[in-house]
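Chains as they are written, first to last, in the working numbering: chain U, 261 to 571; chain A, 261 to 571.
These are calculated hints, taken from the structure and not from any lab test. There may be inaccurate statements among the hints.
Example chain A residues on the side facing chain U (calculated, C-beta under 10 Å, incomplete) [said to hold, decoys possible]:
1. H299
2. T300
3. G315
4. G365
5. F367
6. M371
7. P479
8. K520
9. K524
10. I531
11. V549
12. E564
13. I566
On a predicted model such as this, the values are computed, not experimentally measured, just so you know. Glycine included, every Cβ here is placed at the ideal spot set by N, Cα and C.
Number of protein chains: 2
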Amino acid sequence: MKLVDDLLKGNRVALSKTISKIENDGPESEEAVGLLFKHTGRAYYIGVTGPPGAGKSTLVDRLANRILDRKEKLGIIAVDPTSSFSGGALLGDRVRMSDLSTREGVFIRSMATRGSLGGLATTTKDVALCFDAFGMDYVVIETIGVGQVELDIADTCDTTIVVLVPESGDSIQAMKAGLMEIADIIVVNKGDREGAEQMVAELKFISRLRERDDEWEYPILQTEAINDKGVDELLTAILSHKKHLKKTGKFELNRKRQIKLRVKELVEKKIKLHLEEQVLSEEDLNRYVHRAYKKKTTPFQIAEEIFKKIK
Amino acid sequence: MKLVDDLLKGNRVALSKTISKIENDGPESEEAVGLLFKHTGRAYYIGVTGPPGAGKSTLVDRLANRILDRKEKLGIIAVDPTSSFSGGALLGDRVRMSDLSTREGVFIRSMATRGSLGGLATTTKDVALCFDAFGMDYVVIETIGVGQVELDIADTCDTTIVVLVPESGDSIQAMKAGLMEIADIIVVNKGDREGAEQMVAELKFISRLRERDDEWEYPILQTEAINDKGVDELLTAILSHKKHLKKTGKFELNRKRQIKLRVKELVEKKIKLHLEEQVLSEEDLNRYVHRAYKKKTTPFQIAEEIFKKIK
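Model the full structure from these sequences, guided by the hints.
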């Protein structure tokens, strides 16, 4: 495929076009990702998540500049939970990244969640693969750390950074939302605000409650992204976590787990399609459903009958 | 099944035990739900969702008391996004409902999301069916309106109420999170707080932006749940929405859509199990995955091969 060849040669327009194909889930997107797959595996995946207003975009911006200073390349995927009817108006945050986007070696892509829920996690992962095959050293994925989709994306990353701000109850909320369980590094951003010290203390307390099966003790860092403070320490922590993953073999395990997940998703998608196109027409299904609505059968009996037909 | 017979006779202990079986996804749970299914269809499902701290529990408490005053019965399911390691400590909110739980005709169940993500939406729906078969007139499901699971649960309900509080930016956040698209009724709770009027104005503005394919114009109500204000108006709005659904035929369409969804879930579950147990062992899959990790194949090629084996 010419598009893929061009991408692999380092053509940014081809990269952009391939990403668009993936986002639109066009007919060639699966083929393209399949071709790109063999050229992936070099990039390191960093997830940045946390509640809205924690300053994730600014932190990513500063971190990205550090990476570029080291003459390394990166791709950034910003997943925005935009409502379908509010359109792109709320993406204004990204404007702050404009300085960054003029630098060489970086590629930024915003993706909206509404309207594509469900498929979003897969799309994001495929775009990450594009960046990887393109030759990026790092792929940074920024999400709002709530729903399953976001957790799923974070799960894709080698290092997941949870960003919080000193705000009463925020550490409790993060804990409730399960953020602490996915964190490899915790950042208390806006560290000049009142309550920052207390929050770090709370988080240290919480970290002792956590039972994790690995030996990694996540660092709790203080940053002021807006003033570019604490960002070097963050990069150091990321690289230290990377070392840990490689040393313990968890890096390979994670990657294999992701491949397995992807295979399962693809098989399920194929079966679903087969089911809808070959085994059971929408009309037949509707007839079944009507009978269940009238309490003449149950969803369980219907499922059993359909399953027998497949076999 | 004796348990089901007892439940249908109105035995509360049997109801409680059946719900536990469903929560633990025990071997008999599918059979129990299947038997109960034919006795469902009478209850009206109300979803209450919104950000943490909006006062959902208090509002549900007041609403429940109104329903009981009308000599009607209800079941309440409170879905708490509790972290698995924080345990039940954060469920303290529910204590406020203790007065309610002493009244006759109400049954309250809290369910934690962590650890059961993915299965949670199904579990919640099955518990709702139990309440329905038990003879409840209403089933109220309370969730934090974020992730896909919560949206999925809200989708199950006949009337979905989105609860917000006057707080700067809260209406924007709700919009971004897609809450406005699922709302049949919007409640601005803590209506005595500063900014309540402005928020109602904002929400009215947003509502005009919304394009929905039905003719229902969602009411925007102000309540002070803690002082029991505005709750009658809320109940009136719910009943008016119920009337609307019945009149337009959307009630039946919604219910059928839910049955269809359930059938599809069940079929997919069966296929998945069949795949894992009969077609492809974990060892075989791991061998495939290792080859993909070494870039000798791709997830797409593997999925194709597995799919061919199934056929």
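- Item | Numbers of the earlier hints that this structure fails to satisfy, in rising order | 3, 4, 5, 6, 7
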